[in-house]
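Novice: Using the hints, put the two standalone chains together into the complex.
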Amino acid sequence: MNKISLKFSTMITTVALAAMLAGVWLAEIYRQHDSRAMLLPDRVMTLFPDPKPLTAFALTDDKNRVFDLASLKGKWSFLFFGFTHCPDVCPTTLAVLARARDSIAKNMAGAEDIQFVFISVDPNRDTASKLRQYVDYFDATFLGVTGDSAQIGNLAAQLGATYQVAITPGLENYPVYHTTAVFLLDPRARSHAVFTPPHDAEAISKRFKVVRELAAGYAT
Amino acid sequence: MRWRHPVIVCLISALSLVPAASAGGGVSVRDAWIRETPPGMTMMAGYMQMRNNTSRPQFLVAASSSGFESVMIHRTVVKDGMAGMVHLSQIELAPDAGLIFAPGGNHLMLMNPRLALRAGDAVVVKLEFRGGLVLPVTFEVRR
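Residue numbers (the numbering used here), protein chains in the order written: chain U, 1 to 220; chain P, 1001 to 1143.
Calculated directly from the structure, the hints in this document are not laboratory data. If you're wondering where the values come from, they're calculated on a predicted model, not measured in any experiment. Be a bit skeptical, because a hint or two may be false.
Stated by the list, open to error - In silico DMTMM-like pairs for lysine to aspartate or glutamate, Cα to Cα no more than 25 Å straight-line:
hint	chain 1	residue 1	chain 2	residue 2
1	U	K63	U	D186
2	U	K73	U	E172
3	U	K130	P	E1036
4	U	K73	U	D148
5	U	K130	P	D1080
6	U	K130	P	E1069
7	U	K52	P	E1036
8	P	K1079	U	E172
9	U	K206	U	E172
10	P	K1079	U	D186
11	U	K75	U	E172
For reference, chain P alone in the conformation it holds in the complex (with noise of 0.2 Å):
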């Protein structure tokens, strides 16, 4: 099949980069994405870049998601050369500045999916911020 449009390839280019970056409130959040497990494990871990675009300190205080059982904010630490995970029930994004979740730092921790993901699937996770702000963000899942 041709495309004799433009105007509609760029409108479908457009909507397929929609996942990949979201914003609410004054924060934005790109490159979301969760790391695809071996088969029948119940861990993983979501990483994304976030940034505060307003003047004010903002907090985020909690994450859920229709697609897992529970989701939380950790932080892999490494203390004594041996690492390990740290709940943190809430993250300071700084006024103007961006907050990284990475491998090997902050990420989200997500448990128990309710079906399995695997690379090339996408799940919302909705973050929800101090203040009552709720950014639904698309994750994808990546091998």
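Pulled out of the complex, with its shape left as it was, chain U reads as follows (with noise of 0.2 Å):
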């Protein structure tokens, strides 16, 4: 064996061996601060550095029940805005949601703190006891709510959510545009992330698990 070949096998040898020294780190970095090394940007979520609370609303929910401020408070809330007519995207979610429900009710203690509401943009069409009937079908827990288009319009635009009902006179199935992130508030009513598309159960659950125990350590 010559001297540069000698040279260059010891130079990948520590390479090789800086590479798993670091990895053992990483790992260990990752053992420790799991759930903070797991909030690096991704395209699943994005975690608000400065929740905003949210200010009055008033809504109705699937059973006429009065939904306001006062109903997103004590509990972290998933809030998706969507209509019932619609075929593709809101059955989508919703039951990308119910599965991101049961794993997150199966993984961490305390799955009664948590609540998830669709919010339908066209109350013209959709009302209490259809809301029901629509969301119980993905999960029993999940809560319908709607209103009027002054009110929706309030919390939407306190969530930058967009939407806008396109009602046409004569036509039966108007078209109507929505957003597709999910939001997520927290048990003080504030707007603290928002989850976007595809949306998939697990990332859901995981991200949810980290959110929660940063919130509770913040809290201590």
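Specialist: Rendered as structure tokens:
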């Protein structure tokens, strides 16, 4: 073996050793701070560094009860805007959220302090009983909510959600456009994070676990 | 009951696979399914994997089914962070290529089912192509 190749192989060995050590070190960092390390920016969730408290709004739930700011307090809330005549995006998202809820309930203590709320932007067609029937299909714990357009607009604007209902006279199936993000509010009714599509149940459940742990850490 | 004749078992297995794939005129379709909806809902979406096995482009121009009042070709598009659906008057299948109808993208919008459809049911949808080809495809209703 000549000198150059010896030098080369020494170098390769050094690099390999360094890479292994770095791997061990990184694994240890992950183990110690696993929650924090997983909060690296990604395409699943955006965490707001300074959660914004929501202000008053008034909607009605699928049992004709008031749904307002107080309904959001003391619970983590997942909010999704849609409408029941939506054949593609809404059932797809609600099915994912139902699986996410199962996963959260299975892997974490205290699934009682979470709620999933489907907000219909189409009160013209989505009555309370229709909403109840609709959300019930995906998960009996889900809540359907709607209200007059000014109040839906109020909550949507506070969250940064957008929608458009193009009611057309004589057209039964008028088009409705809506945000596909899922909004996460913390138990103080603050806009805490937003999940962006494509939605995945495991990814949502994993990140929620981290968010909740972090929030608990700040609180103590 | 015991199956004594492997041939019969094979035949039955083969028959049970028939609805999963359809082909005709150089276009094949597989994994055709309709998402089950909550009871009472009138809008359903159908998904499938299409393939154009010819060297010429093919155009899906319409779809119909005796199981629904009407069927339209739709695509979910996201604009300014909002999802909406656009109606397509036709959709092109490139030569020797696949075209996917999947949640969040292309889909058949199936309106006003004549009977309540539940997971496990099957519905035939006729896909009509430019040039007159009509391909009946069995869609399975899935949860």
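Novice: It remains to establish, for every hint, whether it holds in the given structure.
Specialist: Each hint tested on the structure:
no.: 1; hint: K63/U with D186/U; result: holds, 23 Å
no.: 2; hint: K73/U with E172/U; result: violated, 38 Å
no.: 3; hint: K130/U with E1036/P; result: holds, 16 Å
no.: 4; hint: K73/U with D148/U; result: holds, 22 Å
no.: 5; hint: K130/U with D1080/P; result: violated, 29 Å
no.: 6; hint: K130/U with E1069/P; result: holds, 21 Å
no.: 7; hint: K52/U with E1036/P; result: violated, 38 Å
no.: 8; hint: K1079/P with E172/U; result: holds, 23 Å
no.: 9; hint: K206/U with E172/U; result: violated, 40 Å
no.: 10; hint: K1079/P with D186/U; result: violated, 28 Å
no.: 11; hint: K75/U with E172/U; result: violated, 37 Å
The structure is inconsistent with the numbered hints 2, 5, 7, 9, 10, 11, although it conforms to all the rest.
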